[in-house]
Amino acid sequence: MSTVPADSVVAKDHAEHAHAGGFLQSYVFSLDHKIIGLQFLFSTLIWFFVGGMLALGIRWQLAYPWRPMPILGNMVGATEGGQIPPEAYTMLVTMHATVMIFFVIIPVLAGAFGNFLIPLMIGADDMAVPFLNMASYWVMWPAFIAMGTSFFVEGGASQGGWTAYPPLSVLVDSNPGSGSGQTLWLIGLTLVGISSMMGSVNYMTTIIQMRAPGMTMFRLPMTIWAMFITAILQAFALPVLTAAGFMQLSDRLAGTGFFLAEGAMANNSEAASGGGQPLLWQHLFWFYSHPAVYIMILPAMGMVSDILSCFSRKPLFGYKPMVYSIAGIAGLGFIVWGHHMFVSGMNAALGMTFMVSTMMIALPSAIKTFNWLGTMWGGKIEFTTPMLFAIAFVSMFIIGGLSGIFMAATPVDIFIHDTYYIVAHFHYVLFAGTAMAVFAGIYFWFPKMFGRMMNDSWGKLHFALTFILMNCVFYPMHILGMQGFPRRLADPYHYETFRNLLPINQFMSWCAFALVGVQIIFVLNFFWSMFFGQRAGRNPWNANGLEWQAPSPPGHGNFDFQPVIYRGPYEYSSPEVEADYYPQTQPPAEEPKPE
Amino acid sequence: MANLNRSIVRLTALGGLLFSLGCGSSEPPAFRLNMVAMTSGEVTVAEDYQQEIANVLDGVFGTPDHPRVISETGLDQSLLDMAAGPAWSDDAGANYGLYRKHCVHCHGISGDGRGPTARFLNPYPRDYRPAVFKFKSTVNAAQPTDDDLHRVLINGVPGTSMPSFALLPSGEVESLVEYVKYLSMRGQLETALTNFTNDELGVDDGERFALDPLNDPEQGEIIKEMLAEIVEGWDAAGDQVIAPAEETAPLDDRSPQEIAQSVEAGRKLFYGKQANCYTCHGPTGLGDGQQDDYHVWNKANKLFMDEIANEELRIQEGWEGDDLTKEDKDDLRAREEALVARREVASTLYPVRNAIPRNLRQGVYRGGRRPIDVFRKIHTGIAGSPMPGIGTTLSEEQLWNIVDYVLSLPYEAASQPQRALAENIAEIN
Amino acid sequence: MNRFWSLLFLLVPIFGVATFVLAGQYNIWLPRDVSTHGSTIDGLFMFILYLTGAVFIVTELVLFYFMWKYDGGKNKEKVQYSHGSHTLEVVWTIIPAVTLLFIAIYQMDAWASAKMRAPDVPIICEVTGRQFNWDFRYPGPDGELYTVDDIVRTDGKLYLPVDEEILLRITSADVLHSFFLPNLRMKQDVIPGMQQSMWFKATETGGFDIVCAELCGWGHYKMKGRVYFMPRPEFEAKLDEMAREQNTRLVATAE
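Residue numbers (the numbering used here), protein chains in the order written: chain A, 1 to 595; chain B, 1 to 429; chain C, 1 to 255.
Hints are computed from structural coordinates only; laboratory data are not their basis.
Keep in mind that a hint or two might mislead.
Heads up, simulated DSS-like pairs for lysine-lysine below, C-alpha to C-alpha not over 30 Å straight-line [as the list claims (entries may be wrong)]:
1) A:K320 <-> C:K78
2) C:K157 <-> A:K320
3) B:K134 <-> C:K78
4) A:K460 <-> C:K78
5) A:K460 <-> C:K69
6) A:K460 <-> C:K76
Quick list of the computed label-pair ranges, beta carbon to beta carbon [said to hold, decoys possible]:
7) B:N122 <-> C:L145: 23 to 29 Å
8) A:A272 <-> C:S197: 29 to 35 Å
9) A:T149 <-> C:D240: 18 to 24 Å
A virtual CB, placed ideally from N, CA and C, is assigned to each residue, including glycine.
Could you build the full structure based on these sequences and the hints that come with them?
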């Protein structure tokens with residue numbers, strides 16, 4: 001495993017070209033991985049805001065069904081005296097998920113952090129193929145435009161759920177949003193897929209080929225391992241989704257019938273053809289989208305591992321088990337997709353096998369959690385803002401991980417499938433989990449990105465409020481789900497049985513409004529610190545990672561010296577040196593010992 | 001539980017109050033005028049008259065948030081209050097604003113079948129304003145009874161997007177029935193007022209005759225008469241129920257042979273010249289016969305759009321004419337001007353759909369699957385649709401035969417895809 | 001101040017457990033179970049709840065303890081320079097692995113009886129989901145579906161006998177729906193072009209919710225239904241009544 005990759009001639013060339021350009025080339029059509037990373041970061045933060053607004057519409061309707069929504073009402077499609085019509089609610093649900101998953105979480109992890117960190121952390125001067133990297137960002141724009149415009153076409157944006165199950169999503173007349181809104185949705189999704197594909201090919205090549213001398217695979221930080229495995233997952237799973245997307249497009253536009261049964265009809269209009277099988281889409285979709293769940297969490301786990309180790313001033317506990325468990329998640333990730341389909345009408349015997357594989361995939365997650373705790377054990381924990389967010393990730397991931405076991409158990413899933421129990425589960429994993437890791441990552445690497453520190457006091461205030469409020473929003477969803485409160489219902493109180501949950505929903509909604517509100521602290525802190533924050537040196541956190549040896553912010557080509565790596569990234573409080581950190585590039589005092 | 005609930009409610013209500021105080025809320029919804037009626041016909045109803053019509057309607061019927069009932073209409077204010085206004089529930093769990101909760105997104109705030117969801121539905125939701133209802137027990141031209149409206153709410157309309165509301169707490173369905181009648185009467189009065197304005201009012205020699213019943217007792221009387229006539233139509237519905245004679249109706253305990261005979265007789269009638277069912281419902285019963293007609297609701301829009309197209313053509317011809325005097329030109333310009341308003345209205349209309357005869361082999365009966373339901377439809381036709389009644393040309397026995405045949409159709413062995421059976425083709429020719 | 005952060009994280013297990021305890025107090029819990037197999041599913045749910053609850057409490061408390069004890073501002077001890085422990089890794093791999101595998105195997109029988117072992121009884125009713133209603137078709141006196149004597153109801157009320165094995169056939173007329181009976185712990189998606197079965201045995205009379213659990217369009221929330229369980233004789237009488245109503249040819253002339 002101790003390969004010492006040669007410098008990439010191609011990349012060097014490109015990096016030098018990039019120096020020559022003007023503003024447009026430096027900051028817009030830049031080939032520099034850091035600029036592209038920041039472009040991804042800003043784009044996703046804007047979409048994060050959009051997705052949040054969509055969530056507010058949902059929360060309003062759940063708290064005050066059919067009541068006119070103040071301010072936002074008209075923006076989220078309110079009519080007839082300001083109430084949100086049911087198709088607009090369905091659209092909110094669909095697009096909230098779509099935006100958050102495909103425009104926020106996946107691109108912020110792989111696009112923003114992946115791009116920014118990979119070359120810096122492995123000691124490369126840029127990505128292997130910078131042009132492909134730029135393309136992967138600019139392909140996002142047609143996707144943004146497709147999804148963005150879909151809100152304004154007749155019938156509104158897609159309303160088939162983010163899973164776009166046929167026949168609802170295929171039969172154009174079956175639902176208002178199944179018109180051009182759904183077509184644009186599919187186009188947007190395919191383009192996001194192309195972007196991710198370009199990114200993942202690039203990441204794999206870069207990580208394999210462009211590591212600095214001495215940076216063996218087992219000296220890579222967890223973030224890079226996670227990005228690497230994520231890239232592999234994407235590369236293998238995405239083609240399936242893209243193919244499925246094209247099949248659905250052709251069902252809609254070209255009159256094929258991959259996903260339509262014979263004689264399929266809805267809303268009194270018949271499909272052009274049939275003979276297909278709606279379940280096929282579910283299989284294809286989840287074959288991608290289950291691995292995608294790990295695409296949405298693995299990089300977050302990696303970043304959290306790095307941050308926990310850094311601020312515990314202690315080596316990462318069980319580095320290799322951590323790596324193996326990520327790899328294990330990736331491998332198992334391909335054989336568990338059926339657990340989304342336990343009650344879908346899929347052969348029940350298959351349900352059993354998927355249950356076993358799903359139970360097993362909980363194992364690597366458990367191992368990782370124990371190792372994180374092990375990392376904190378016996379350390380000297382510094383409660384910085386990124387550390388707090390990272391600990392929050394661990395704490396919340398425990399909840400999200402454990403609640404997943406309920407769903408994996410097929411008989412229990414019969415009851416809780418499509419209830420708020422599921423909603424609670426994935427919000428704990430994705431918002432309380434990944435989003436916390438993303439905040440941690442932003443606070444942690446902000447000095448490297450902009451050369452200035454983010455304000456720690458405001459950061460802590462942001463953390464405390466976010467942490468408390470998000471638990472107020474998402475934790476009660478568990479008990480809602482226990483009572484069978486179904487997802488995606490525009491008016492659940494149509495059922496008298498769920499009337500008693502209205503006050504809880506109102507409480508959750510107000511917490512949700514506040515949760516969105518307190519993000520203003522973050523936005524202000526972010527932009528204020530960008531220009532007026534305290535200047536940061538190369539290594540403000542006294543961290544070991546290679547990226548902290550580069551200037552802040554790093555110039556083109558990243559390093560002003562040729563980094564040579566002597567050890568792994570987690571040698572905190574090493575007895576070999578005085579300081580409690582031991583950067584990867586610091587030559588050892590005596591003879592370098594082989595690992 | 002109750003304590004916790006109450007305190008949470010109070011907290012959130014307080015928050016809600018602060019929130020809405022700080023930000024203001026949207027305007028209360030208002031009834032829309034029937035712009036097709038206002039702008040079709042010889043002359044467009046001028047905007048000041050439109051406003052006056054709206055004022056009179058508000059005076060008689062109130063607003064969507066505060067419906068009013070004047071005693072003449074015979075409507076029940078307490079039932080209307082349950083259905084009208086914004087949706088909410090009180091502490092005891094009683095629901096208000098039922099129409100906004102369950103109906104408005106399809107049927108629209110004015111009951112014009114133009115809620116936000118309406119455009120995407122097939123068939124379009126019912127427009128209550130002309131007071132034409134398809135599924136009822138009364139003769140074609142009559143209004144439905146309360147029971148008929150009630151029945152539609154209970155069973156829904158299978159084959160359409162109209163679901164069943166059978167599970168609403170007791171009293172709520174009655175309240176919605178009342179509100180539908182309220183919207184219908186309001187729509188009928190609107191039409192009457194529009195016609196009255198067109199026929200009787202206008203500007204003559206520079207003097208404008210306003211629609212102002214408050215200051216014009218004569219108009220007040222006229223409007224009262226209009227309203228009385230409308231209410232009379234609803235009140236008389238009960239007397240116009242189609243009740244087949246007991247002697248002619250088939251018995252429940254018929255032998256299979258008797259049923260088969262009746263079905264056979266029905267089949268002959270179905271394909272015969274007298275009943276003529278096959279022309280529309282097709283030689284297979286698949287509804288694939290004549291499909292080029294429209295329901296009245298679509299027809300009104302179709303005529304409106306055709307009229308615009310014709311007028312465009314006429315204006316164009318006018319301009320092409322020789323020796324245009326100044327008056328001619330002014331006239332043409334004025335007509336062009338008038339068209340602008342109409343085109344605007346036309347741009348808001350939904351695409352016109354043809355009336356597709358029912359596929360009788362699907363076993364879906366929108367108006368109910370009881371023999372009596374089918375009998376009534378054959379007897380008097382379906383109001384608003386091209387389906388005519390043949391109760392006057394055929395005897396009740398014959399009608400029952402057709403009923404038996406039609407009800408047997410979904411279960412009749414027909415090859416897939418259903419072809420015209422030779423025996424039926426023979427009957428036609 | 002740093003103690004504050006540890007305490008903040010201590011709130012997680014406290015409120016986490018308190019929410020579930022309070023929810024039970026306030027009757028927000030699994031809905032009343034009226035089926036014979038429901039108790040098995042509830043039992044499995046509770047089993048997992050206690051198990052995960054224990055793991056939750058322990059890990060969150062450990063997290064709190066580490067935050068409290070190893071707070072950099074207070075902890076004067078030397079940092080444990082450790083890269084991990086092979087033994088510990090093995091322990092915390094094997095224990096969860098065995099537990100998870102046990103849960104999986106423990107569930108299999110309940111799953112099989114809920115979804116794989118259909119009882120050998122005739123279909124009592126065919127349920128059809130359509131936008132946006134549940135339609136019910138009873139086979140009528142001849143016991144066969146799709147014959148002239150079928151009883152078809154579109155009012156969202158399903159009547160079934162109590163205390164006997166019920167076999168339903170469920171289909172869809174247009175898009176995906178999901179026939180969800182919360183009180184019977186049963187849920188099954190319906191797919192146009194396929195027929196699904198559902199079976200259960202109710203133990204109590206009364207009316208219970210039918211919910212559509214799979215997004216089926218704008219009116220998804222409107223697909224409310226109600227299932228009524230009644231003793232067999234009453235059920236037969238109900239069927240008769242429905243059949244009579246469906247055969248109505250005459251109306252009382254008083255109307």
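Each hint, compared with the structure:
no., hint, verdict
1, A:K320 <-> C:K78, "holds, 24 Å"
2, C:K157 <-> A:K320, "violated, 59 Å"
3, B:K134 <-> C:K78, "violated, 86 Å"
4, A:K460 <-> C:K78, "holds, 27 Å"
5, A:K460 <-> C:K69, "holds, 21 Å"
6, A:K460 <-> C:K76, "holds, 24 Å"
7, B:N122 <-> C:L145: 23 to 29 Å, "holds, 28 Å"
8, A:A272 <-> C:S197: 29 to 35 Å, "holds, 31 Å"
9, A:T149 <-> C:D240: 18 to 24 Å, "violated, 58 Å"
The earlier numbered hints that this structure contradicts are 2, 3, 9.
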